[in-house]
Each structure stands twice: as structure tokens, then as C-alpha cells.
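So the sequence lines, in the order shown, correspond to chains A and B.
When you line the first sequence up against the working numbering, it's residues 441 to 578, in that order.
When you line the second sequence up against the working numbering, it's residues 21 to 89, in that order.
These are computed hints drawn from the structure, not numbers from a lab.
Mixed in with the good hints, there may be bad ones.
Pairs of lysine-lysine residues, derived as BS3-like cross-links and limited to a Cα-Cα distance of at most 27 Å, are as follows [to be verified]:
{"#": "1", "chain 1": "B", "residue 1": "Lys67", "chain 2": "B", "residue 2": "Lys26"}
{"#": "2", "chain 1": "B", "residue 1": "Lys26", "chain 2": "A", "residue 2": "Lys452"}
{"#": "3", "chain 1": "B", "residue 1": "Lys22", "chain 2": "A", "residue 2": "Lys452"}
{"#": "4", "chain 1": "A", "residue 1": "Lys444", "chain 2": "A", "residue 2": "Lys517"}
{"#": "5", "chain 1": "A", "residue 1": "Lys567", "chain 2": "B", "residue 2": "Lys26"}
{"#": "6", "chain 1": "B", "residue 1": "Lys42", "chain 2": "A", "residue 2": "Lys567"}
{"#": "7", "chain 1": "A", "residue 1": "Lys444", "chain 2": "A", "residue 2": "Lys572"}
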Amino acid sequence: MTSKHAHRRYMKLFIPAMVLYVVSITGVALARAFNILPEPVLYAVSTIPAIFMIIWILGHMRYIYELDEFMQKLQVKAILLGLAGIMIIATIWGLMEVLASAPALPVFYVVPGFYFIYGLAYIIIAKRAGVKGWGAYL
Amino acid sequence: MKNRLKVLRAERDWSQATLGDKLDVSRQTINAIETGRYDPSLPLAFKIARLFERTIEDIFEQQTGEENA
Chain A
441 MTSKHAHRRY MKLFIPAMVL YVVSITGVAL ARAFNILPEP VLYAVSTIPA IFMIIWILGH
501 MRYIYELDEF MQKLQVKAIL LGLAGIMIIA TIWGLMEVLA SAPALPVFYV VPGFYFIYGL
561 AYIIIAKRAG VKGWGAYL
Chain B
21 MKNRLKVLRA ERDWSQATLG DKLDVSRQTI NAIETGRYDP SLPLAFKIAR LFERTIEDIF
81 EQQTGEENA
């Protein structure tokens with residue numbers, strides 16, 4: 441399978457999963473804001489966005505498996521940098537919370553934080569590897 | 021690692037995309053190999069060699085100082 445096909449298959453899964461993830465998070469946040477649901481139900485409903493997240497993560501894994509070896513290498517490097525970046529930030533901020541009374545950040549931000557760092561890392565890694573423009577993604 | 025991929029491809033008048041299709045890899049991968057930014061795995065190197073009906077050594081050449089890299 442070519443990178444183009446792999447990317448198309450990934451997007452077919454990722455876009456609806458991301459839309460449903462955002463919609464479900466907004467729904468949960470609104471339910472909390474307007475006190476529509478009792479507390480135990482809110483706990484249960486809060487797990488719904490994770491279902492869509494699991495779907496897009498599995499889609500991302502399939503995407504990486506379907507890429508050729510060079511494109512896989514770029515993805516793995518970017519994922520490692522994303523993980524390293526978010527772990528470093530979580531460790532520093534966590535210690536500041538514990539030791540220096542820094543305001544508590546919701547753990548929820550770990551995933552968007554990871555994807556932000558991973559995305560930036562991928563752009564830089566792809567550029568350095570000579571993969572320019574949309575060729576890096578298609 | 022130096023290689024003759026670009027020359028062999030040009031001899032057949034293939035584009036990077038065409039060669040990529042024949043080897044089941046992306047155009048970006050062909051470009052990375054040709055420019056020396058990426059050394060292919062052994063299975064891909066064999067695939068390239070078979071496609072051009074050459075040995076791996078005919079296509080890829082280890083540069084001085086790479087032995088212990």
C-alpha cells in the first residue's frame with residue numbers, strides 16, 4: 441500500500457473520530473456546566489470521548505504499519521519526540537505543583553499536548569529528511 | 021552510503037514515483053535513498069537489486085569511515 445492510500449484510509453477514520461471526540465467532550469462539558477446529569481452519570485459519560493480517542497489511535501497505528509520503512513521511521517521519530525516532550529513538561533509541571541504550589545493543570549491536556557509536540561516534531565523531521573510540502577503527509 | 025539508484029533510474033527513464041510504485045514505497049523514500057539521507061533496509065536493498073538485475077554491491081557502496089558507524 442502506498443503512503444497516499446494509507447493516508448487516505450487514516451483520514452477516513454481520523455476525521456469522523458475527531459469530530460465525535462470534540463462533540464462528546466463539548467457534550468460532557470455542557471452537561472457539567474448546566475448540571476443536567478447527576479455526578480455518577482457524569483463520571484460514566486466522561487469516558488465516552490476516550491472511545492473515539494481509542495479509535496483514532498488505532499487508526500494512527502494502522503497508518504504507521506501501512507507506511508513504507510522510511511516514512512515509518514519519520515513517524516516513529518516524531519512520536520518519540522512527542523512522548524519525550526510531553527513527559528518532560530508533565531514532570532516539570534507536576535513537580536512544580538507538588539513542591540511549589542503551581543496551579544493544577546488537568547491531566548486531560550496530556551493528549552492534545554502530545555499531538556501538538558508530535559505534529560511540530562514531524563514537520564521539522566520531515567523537512568530535515570528532505571520531504572517537502574504535502575509530500576510529507578500524502 | 022553512496023548509491024547508483026538515480027543513474028539506474030535515469031537509464032530506464034523512470035520517475036521517482038514510478039520507481040516507488042515498482043518497489044511499493046513512496047516517492048519520498050526513493051528521494052531520500054537517492055540523496056543519501058536514508059539507507060534502505062536489507063529486504064528493500066534486495067528488492068532494488070532484483071528490480072535492476074544487479075547485485076546489492078553494484079548499486080550501494082559503503083563510504084570510507086562507515087565500517088564502524
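* Asked: Are Lys567/A and Lys26/B close enough, with their CA atoms no more than 27 Å apart?
  -> holds, 21 Å
* Is the straight-line distance between the alpha-carbon of Lys444/A and that of Lys517/A 27 Å or less? -> OK: Lys444/A and Lys517/A at ~20 Å, within 27 Å.
* To do: Mind checking the alpha carbons of Lys42/B and Lys567/A for me, to see if they're no more than 27 Å apart?
  => It holds: about 25 Å lies between the C-alpha atoms, which stays within 27 Å.
* Is Lys67/B close enough to Lys26/B, meaning Cα to Cα at most 27 Å? -> Status holds; Cα separation ~16 Å.
* **Pairwise hint evaluation, Lys452/A against Lys22/B, where the allowed Cα distance is 27 Å at most** => Answer violated: Lys22/B to Lys452/A is near 39 Å, above 27 Å.
* Holds or violated: are the alpha carbons of Lys444/A and Lys572/A at most 27 Å from each other? -> Answer holds: Lys444/A to Lys572/A is near 15 Å, not above 27 Å.
* Asked: Hey, Lys26/B versus Lys452/A, does the alpha-carbon distance stay inside 27 Å?
  -> violated, 35 Å
This entry does not satisfy hints 2 and 3, going by the numbered hints stated previously.
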